[in-house]
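> Next come the chains, spelled out residue by residue.
There are 2 protein chains.
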Amino acid sequence: MEETINLGLIGFGTIGSGVVATLDKNMHLIEDKVQKKVKLKKIVDLDITTDRGVDVDPEVLSTNVDDILEDDEIDIIIELVGGYQPALNFILKAMENGKHVVTANKALLAKHWQEIIDCALKNHVRICFEASVGGGIPLLAPLNDGLAANNIETVYGIINGTANYILTKMDDAGLDFDVVLKEAQLMGYAEQDPTFDIEGHDTAQKLIILSILGFGVYVSQKNFHVEGITKIKPDDIKFAREELNSVVKLLAIAQVDEDGELEIRVHPTLVPQTHLLASVNDVFNAVYIVGDIVGPVLMYGQGAGMMPTASAVVADCIDIMQDMDSSVAYGPSKSRVKKIKDMSNVESKYYLRITALDKPGVLHSLSGILSDLNISIESVSQRKVDQTDAVPIFMVTHHALEKNVQKAIELIDKLDFVKEETMIIRLL
Amino acid sequence: MEETINLGLIGFGTIGSGVVATLDKNMHLIEDKVQKKVKLKKIVDLDITTDRGVDVDPEVLSTNVDDILEDDEIDIIIELVGGYQPALNFILKAMENGKHVVTANKALLAKHWQEIIDCALKNHVRICFEASVGGGIPLLAPLNDGLAANNIETVYGIINGTANYILTKMDDAGLDFDVVLKEAQLMGYAEQDPTFDIEGHDTAQKLIILSILGFGVYVSQKNFHVEGITKIKPDDIKFAREELNSVVKLLAIAQVDEDGELEIRVHPTLVPQTHLLASVNDVFNAVYIVGDIVGPVLMYGQGAGMMPTASAVVADCIDIMQDMDSSVAYGPSKSRVKKIKDMSNVESKYYLRITALDKPGVLHSLSGILSDLNISIESVSQRKVDQTDAVPIFMVTHHALEKNVQKAIELIDKLDFVKEETMIIRLL
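Chains as they are written, first to last, in my numbering: chain A, 1269 to 1696; chain B, 1269 to 1696.
Note that these hints are calculated values from the structure, not bench results.
Check the hints yourself; a few may be wrong.
Copies of the same chain look alike in the list, so a pair counts if it works inside one copy or between any two.
Said to hold, decoys possible - Straight-line distance between alpha carbons at most 25 Å, and here's what the computed BS3-like set of lysine-lysine pairs gives:
| no. | residue 1 | residue 2 |
| --- | --- | --- |
| 1 | 1379 | 1390 |
| 2 | 1617 | 1499 |
| 3 | 1506 | 1304 |
| 4 | 1390 | 1602 |
No experiment lies behind these values; they were computed from the predicted model shown.
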């Protein structure tokens, strides 16, 4: 064990501290696996004075990123700065200087994928990013390598812990979204600005990465439907559970059909209670992958958090250390995807919650609009609600076209007896 | 794409045919991933006349294994003969001749692990065996590589599709074990001689492999408790579901505690319905892995069958083709396991089904025996059963020592009012 591999960590925040703690705790195990000495040679952050609760030799700390990027002895950089810049420049510079890169930065990968991969290939270095989707769950390697004999047909799942935590707590306690969000922020499960998680953007970025590895296609976020969970009410969750034996989950969904048309979308979805995803609660994540040879597989675990994410980051480092010259394929190089289906052409069953005055003729008007748009109703249910003159009407449709449902809602919401924006949730 | 990699397949049975079908269907995808030409150069089987429903050039078929083992152009052999011999000799000979090996042969690996790995290391070739545990589920690679930063604390799950199918059907239909077994045999889900699956041996072999990769320890099957599902009755399943909100699953369990003591065992287990494993039905498998950094993760999918298993076999081939010189670690080389816990010292909660005459003093006698052995009872329930003079008494204990429970059962089964062997099932 003569050879030493030097690591450089850029970004000493929560995940960075988890990486330091993991290296500290399990260094013997790691060195044993790679049969080399491993050293965290430098940690760079703007703040090198705050105590992170991990032991670090002060000599290792620096505020100057060039102490990593320009150090010829450093073989692998771990980028945990997050965001677009300066993270992108750090990564590109590191690769140009012949360093391998490990990152958890899904936002950056989802936006600058091609530039980053081209740079890695050109400089004959590896970039690993297992931690960018599904936190600690071994997910991208199974998708890219473990299922390499398959044409991937579908990838769908729960890949945002914050949104899943909020939906779980709303379900458990029957509480309003805002109340649970505040609690989640207090518990550290939601950011102070939670927009990214609750509006589905984080889920969308991860789905972009899954689609690259699964289908060999890069889809920009502006080209698909992304919808968050902020409009979900306890009424929706209660009705789903009691009347539809389903739970509400924020799902990322991507599937390619036999003609090479890709459906890709992020939105709240009603999942039957018998489905494994319905049992994925709190901050846990799980992703279904369906391959043409293997059928369905599922990976489950903690999709975020200091230590789970550090587990994936350090595993990536080990992977590189075991194999610096590996010829890695980042997803299938030829995509079967010929076309991206417009959301308006997606078909689904729909749950509708229409808030209307309780008076004769309401159902007649509603069913007329739906029928004119070729939407047939599977069930209708109206619950009396006290202390309001408008009542929720719950409908479930048979399979219908998204554009027809959107048109129907536009018409319904213009009716004078409809008092709130109609809520729709697609069924899995 | 000049270079050609030649594969040789030994064993043209169900899985072998699946491998041929997979290579046939997805060869473009595979060649694209490895950036080399890939050719299945030779298939060897004693029977080369039966139609397997896949297209094969007759020139590729041979009954002489040396056509693969002694062909210098063949880089990778796929061993799907199964069993101990001649499979072992084929593998060793192939490796001595510088060929990489892909196998699904869990029986062989579980018995001759050290000899096989030593031979691979000595000859600088790789042996891959993802298909040996969990069929098509990417499981061993995530355990060995994806969680490489972790000390693995626990591995447990459902890893035999036949047993899980039988238990699922017994639960769904309330049928007796024998009836469901016959149906499973007709459906092709159980072998004509099902002993290996229903008595837990197959599960045990797979657990041996999981323990090697997870804990770095080889445990021979004779050194741990292995119990099958043949004694489970519909009464047990019904009581579990209705009174204990649990289902009966055949689990493989291995866990190492902080002192380095390993618990390893295979037996039917009561799993709470809220647990993900309770929703793993039919021929599906799922394995929980708990790491000290990542916490719990779970992998789920089809644990057997022609195509799922072929998916894993071909993925292993791709892995080797991408990286012929990879320095692979087969599990942690230093084990944290210092000692294997004797089954008699395992602690668990227990479900007991005691079949006794319904007369005064019975419960008093039973509770006396249990109390003397320091086993405290959490609940007792007796159900009237028609057309028999003996009735089942269901008990659930608090945590108790296995040896005390075994002693109690020995005493209970000697009581003159006890009319059948007492059934125990451990709780998860």
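> A separate judgement is required for each hint: does it hold in the structure or not?
Checked hints:
1. In this assembly of identical chains, residue 1379 and residue 1390 lie within 25 Å of each other by CA distance solely inside one copy; the values are 19 Å within and 46 Å between copies.
2. Taking the shortest alpha-carbon separations for residue 1617 and residue 1499, only the intra-copy value of 19 Å comes in at or below 25 Å, while the best inter-copy value is 44 Å.
3. In the homo-oligomer, the alpha carbons of residue 1506 and residue 1304 never lie at most 25 Å apart, since the shortest distance is 55 Å inside one protomer and 55 Å across protomers.
4. Proximity of residue 1390 to residue 1602 under the C-alpha cut-off of 25 Å is restricted to the intra-copy arrangement: shortest distance 19 Å within a copy versus 38 Å between copies.
Checked against the numbered hints listed earlier, the structure breaks hint 3 alone; every other hint is satisfied.
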